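Participant: Protein chains in written order, with numbering that gives the first Met the number 0: chain B, 0 to 725; chain D, 0 to 152.
Incorrect hints may have been included.
[Stated by the list, open to error] Capping the alpha-carbon separation at 25 Å, the derived lysine-lysine pairs in DSS-like fashion look like this:
1) Lys594(B) - Lys108(B)
2) Lys572(B) - Lys612(B)
3) Lys612(B) - Lys143(D)
4) Lys389(B) - Lys420(B)
5) Lys387(B) - Lys420(B)
6) Lys212(B) - Lys143(D)
[Claimed, not checked] Selected chain D positions facing chain B (Cβ under 10 Å, derived; list incomplete):
7) Val39
8) Asp50
9) Asp85
10) Val93
11) Gly96
12) Ile103
13) Asp122
14) Arg139
[As the list claims (entries may be wrong)] Residues of chain D placed beyond 12 Å of chain B at every Cβ, according to the derived structure:
15) Arg10
16) Gly51
17) Asn68
18) Gln99
19) Gly127
20) Leu149
Hints were generated in silico from the structure; no laboratory data involved. The structure presented is a predicted model; accordingly, all values stated were derived computationally and were not measured. Glycine included, each C-beta is placed from N, C-alpha and C at the ideal position.
Given next are the chains, with one letter for each unit.
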Amino acid sequence: MAIRSSASLGLALSRRRFLEAGAAVGAALLIGFELGDGRRVLAATTDGPFAPNAFVRIAPDGTVTIIAKHVELGQGSYTGLATILAEELDADWSQVTVESAPADVALYKNLLVGAQLTGGSSAMANSWDQLRNAGGVARAMLVSAASAEWGVPASGITVERGVVQHAASGRRATFGVLAAKAATMPVPASVTLKEPKDWKLVGQQHLPRLDSKAKTDGSAQFTLDVYLPEMLTALIARPPRFGATVRSFDASAALQVNGVTDVVEVPAGIAVLGRGFWAARKGRAALKIAWDESAAEMRSSEALFTAYTELARQPGTRARRDGDPDAAIAGAATVVEAVYEFPYLAHAPMEPLDCVVRLGADACEVWAGSQAQTIDQETVATVVGLPKEKVQIHTLLAGGSFGRRATPNGDVAGEAASIAKAIGGRQPVKLVWTREDDIRGGRYRPLYVHRIRAGIDASGRIVGWEHRIVGQSIFKGSALESRVKDGIDPTSVEGATTLPYDVGSIGVDLHTTDVGVPVLWWRSVGSTHTAYSTETFIDELAHAAGRDPVEFRRAMLAKAPRHLAALDLATQKAGWGTALPTGRARGFAIHESFKTVVAQVAEVSLGADGRPKVERVVCAVDCGIAINPDVVRAQMEGSIGFGFGAALHSEITLVDGRVQQSNFNDYRPLRIEEMPAVEVYIVPSASPPTGVGEPGVPPIAPAVANAMFQLTGRRARRLPFARRTV
Amino acid sequence: MTTIKVNGAPREVDVDANTPLLWVLRDELRLTGTKYGCGVAQCGACTVHIDGEAARACVTPVSAVRDRNVVTIEGVSGTAAQAVQDAWRRLDVVQCGYCQSGQIMSAVALLTERPHPSDDDIDAAMTGNVCRCVTYVRIRAAIKDASRTLGGG
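Can you make the complete structure from the sequences, with help from the hints?
Facilitator: Here it is in structure tokens:
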């Protein structure tokens, strides 16, 4: 294997190697689910193509390998998935490892999505029942194996930390010893799962992450770290404007560069291949390309803001309407109105986009930090002209994503496959996007304009609310267009249509625009903008009504008990209403996304440059059962920094269709000295787990903005904050 | 052929003199713990030690390190390195992990020079290391934890 396989993670184990491993260990216990026809599939005994429909494998040495259908992007999915299964199995955490699942929609689809996709903060939510059952079944089969071996009733057998025991007879055996026998036992039709009071791993305050060691000694394997024999590195010269195409190109100078082997035209642009990144980069710089920009997007961001703001004056397609908001607002004692502007945002994960493809005559292998394995598989199959079953996806650790590695058209994998095909599969190809390619490559969080009007009656109560949203649809024009219902892309309006407050009559309208800038979901998707507009506007209304913004919200949340609990926890822990040092103010925001409710209190002072300096953030999260509380805390900490960094610094701007930013110097990420202290509190819950990868992002920007209003008396209605005070 | 000293051993590489050290480490020597993040010394993912000091390998031409000692995450060692890596694991600092080699190399250089850094020292030493998962809360805590391990302060 050219790939170093991490012993602790068992990454990228090829099917062949998996089979060899299975043969070597004999009848390793492999637990899965029965196929539709009731056939039970065991890895070690399957004839023909390996059809892994399993979530756990136990080796004779006792190693428990949990097969993860979700990618590890940093959000802790490997640790979380393993925790769920290991809990019901009663495994010894120190013996647990994780291996990524192959692409297989029948076995490994996200049960909430239908494709094998990691997104929507759903990895835990959709796996909870599935992996509890998988673990419980495995445990039951180990118990029946022990019962048969020892000739004792199963009822007297206990399991603890990878050891099966029968106290009455003094017999005990490890999982590894029992694995072969367990593989021959019947699969129970159902198992009884543990009561929460018996959990040993789920809910443990700090169960160590499974990927910490490999990620602190340099051994963790990302796609960029894949080196196959004879592999070439490819960079693509992409159009300077979205929608432009290659008219002609001259590769002669590029081919003179030492180490450059090929220059080929592919749908995305002109690919330069070389022995190593540096050769490919120098080769790309030497290319001469004439672009056809006749169909390119030539508009500027400012022109879009102007056009969108004009559109926001007109009614759009109804996304929600309860009562008669127009009449309610017309009859109100006070009317407040605001327009909000949100820029395009790039994801900019630390690991630039990349993908390795090895194309053979009748098979293709792909290595990627794939966030949508079955979509990438289908894309590559189409590009190279093979049935999808002949395309094998090796999912590696991904160096961040924030949504960028899941695209409806498998863009990066498709590009890499197109290059491999263009050289006839002569050598494996590693496609790398440079950071500049990433910042300028589109797939942005769409630019949006919001307009909200609301009326307050004489008692200070909101009686009518009208919210208009203008922007591009993520689903429209994509393979997922069927998700657009009655002209409404739910990702454009989520968080606005689900406003939790009792505001009397409410209307939410959408104008979907057509712009030639590719857009995509970006960590917390619609809530990246709807939380900001709704939660800062609520604050404005509280001010207009002369009420404390927390009390004002609380009075409208009688039917939202989870919101109330999170609000109370965050504000109590933050000391809401208590005195602060001079020059500091608190702001509050709360938002539900992906069925998780997060409330945050930001303590802010004014930096010397007039920008917000966030001193402390207190966060309360209701994510149902917290499988790994420390991972939940980590996700809240990171989300707060991610959301604040974007609100403070980030915008992609277009001038005449050209992206103005290029790298971290002008698309600024948050840096350590800008990071506030963060306290995270988890609302106790007995409900099934929801998600934590995204929901910590939406509240921080409005919480900071609301604190800034306390300090300055001004409302920030255009993001990022920094652009207003430069 | 150019000879460079990496992790204590001389290594011969056949590359152009202006090739950045980052790509020599990765593409030639397969020391893949050192990462590419920006290519312009703006993110710190490529941080290595050159004669004990933190440096960005992406903008360091290989010709500039011929007579110097290059240490990467794969070769970093000593009490400060051990304290930092232990603290990173104890606190589960990592999320995606891609930037963490660079973070650790910067933290080790800091603690080697200043075993008991102030908050400002930490900011100054770590500001060049971007983490898009934003693990800064734990990076700061882990540096302080490692500092305690190193004694005093």
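Participant: Would you mind marking each hint as holding or not holding in the structure?
Facilitator: Against the structure, the hints:
1. Lys594(B) - Lys108(B): holds (20 Å)
2. Lys572(B) - Lys612(B): The hint holds at about 20 Å.
3. Lys612(B) - Lys143(D): Measuring from Cα to Cα gives roughly 22 Å; hence the hint holds.
4. Lys389(B) - Lys420(B): holds (15 Å)
5. Lys387(B) - Lys420(B): holds (15 Å)
6. Lys212(B) - Lys143(D): holds (19 Å)
7. Val39: holds (6 Å)
8. Asp50: Violated, about 20 Å.
9. Asp85: Where the cut-off is 10 Å and the nearest Cβ of chain B is about 9 Å from aspartate 85(D), the hint holds.
10. Val93: Result: holds, 4 Å to nearest chain B Cβ.
11. Gly96: holds (3 Å)
12. Ile103: holds (6 Å)
13. Asp122: holds (4 Å)
14. Arg139: holds (7 Å)
15. Arg10: holds (15 Å)
16. Gly51: Glycine 51(D) clear of chain B: closest Cβ-Cβ about 18 Å, beyond 12 Å.
17. Asn68: Asparagine 68(D) is indeed farther than 12 Å from all Cβ atoms of chain B, at 17 Å.
18. Gln99: The assertion about glutamine 99(D) is violated, with a minimum of 5 Å to chain B.
19. Gly127: violated (8 Å)
20. Leu149: holds (17 Å)
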